[in-house]
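Colleague: Count along the sequence shown from 1, add 7, and you get the number used in this note's numbering.
Honestly, I wouldn't trust all of these hints.
So the derived label-pair ranges between C-beta atoms look like this [unchecked claim]: (1) 225 with 34: 39 to 45 Å; (2) 151 with 232: 51 to 57 Å; (3) 43 with 122: 37 to 43 Å; (4) 151 with 205: 51 to 57 Å; (5) 176 with 148: 39 to 45 Å; (6) 171 with 211: 23 to 29 Å; (7) 148 with 196: 32 to 38 Å.
Calculated pairs, DSS-like style, for lysine-lysine (alpha carbon to alpha carbon, straight line, at most 30 Å) [claimed, not checked]: (8) 61 with 141; (9) 55 with 40; (10) 61 with 129; (11) 55 with 45.
None of these hints come from the bench; they were simulated from the model. Backbone N, C-alpha and C fix where the C-beta goes; we use that ideal spot for every residue, glycine too.
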Amino acid sequence: MNSIIPLLLVLQDRDMRLDSIERTLSVIPAEIKEHTEKIAEEEAELKKFSDTIKELEASRIALRTVRLGIEEKVLKYKTQLLSIKKNDEYQAMLTQIDSSNKEVSDSEEKELEILYEIDSSKSEFEIQKANTAKNIAEINSEIDILNKRQAEVNSQLEDARFARRQAEQNVTPVFLEAYEKLCKTKKAKPLVVPLEEGRCAGCHLKNSMDKEERALVSETPVFCEHCGRMIYS
8 MNSIIPLLLV LQDRDMRLDS IERTLSVIPA EIKEHTEKIA EEEAELKKFS DTIKELEASR
68 IALRTVRLGI EEKVLKYKTQ LLSIKKNDEY QAMLTQIDSS NKEVSDSEEK ELEILYEIDS
128 SKSEFEIQKA NTAKNIAEIN SEIDILNKRQ AEVNSQLEDA RFARRQAEQN VTPVFLEAYE
188 KLCKTKKAKP LVVPLEEGRC AGCHLKNSMD KEERALVSET PVFCEHCGRM IYS
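All chains, please: the whole structure from these sequences, using the hints.
Modeller: So this is what it looks like as structure tokens:
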């Protein structure tokens with residue numbers, strides 16, 4: 008085995024460690040975003056309850072406004088009734104008053120129903136509000152954990168990059184250049200693998216005897232005939 012291979016294997020181990028840290032770090036922002044979206048969903052659901060109550064309140068106010076208008080008309084009708092002389096006009100006015108009074112009664116009944124619905128919705132809202140606060144607190148706790156994890160992994164990343172740079176300095180240029188080229192091919196690591204009974208430990212295919220011999224004694228990089236990984240014996 009070429010004496011550079013063990014040093015190159017150290018570099019590869021540092022790279023694989025670095026890759027693992029970067030993968031871990033890459034998913035954390037997505038997890039934080041997912042939790043943030045859950046908070047938004049919780050708040051949106053609570054807002055639906057609040058909006059429902061506001062709509063009911065608006066309906067109640069609208070009904071009351073209409074009812075007060077009708078009551079005002081009834082008072083005018085009763086005042087006009089005093090000045091009516093003809094019996095048919097008098098009866099017609101009484102009918103109008105009765106009809107208006109029924110409208111007032113119906114409006115009061117609807118308003119009462121809405122008041123009951125408002126009370127019920129407010130009770131549900133308070134329950135939902137408590138549940139939402141609890142859920143959001145739990146989600147924020149999870150976000151805090153993720154933020155701490157992100158900070159820890161960032162620290163690990165800096166350490167791993169430093170360790171990688173140190174390992175890189177120990178590898179001769181010819182092997183380092185060959186290894187870096189392999190890294191750019193995006194092949195799955197490991198990229199520097201042993202021959203096991205003539206088979207590449209990367210693709211598990213048999214190499215020629217010539218390759219086996221060269222992998223054992225060559226002072227320059229030797230590559231698998233099939234997958235192109237650097238091989239050694």
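Colleague: All hints are to be evaluated individually against the structure, with a verdict given for each.
Modeller: Status of the hints after comparison with the structure:
no.	hint	result
1	225 with 34: 39 to 45 Å	40 Å, holds
2	151 with 232: 51 to 57 Å	53 Å, holds
3	43 with 122: 37 to 43 Å	38 Å, holds
4	151 with 205: 51 to 57 Å	54 Å, holds
5	176 with 148: 39 to 45 Å	43 Å, holds
6	171 with 211: 23 to 29 Å	28 Å, holds
7	148 with 196: 32 to 38 Å	36 Å, holds
8	61 with 141	24 Å, holds
9	55 with 40	23 Å, holds
10	61 with 129	10 Å, holds
11	55 with 45	15 Å, holds
Violated hints are absent here; each numbered hint is respected by the structure.
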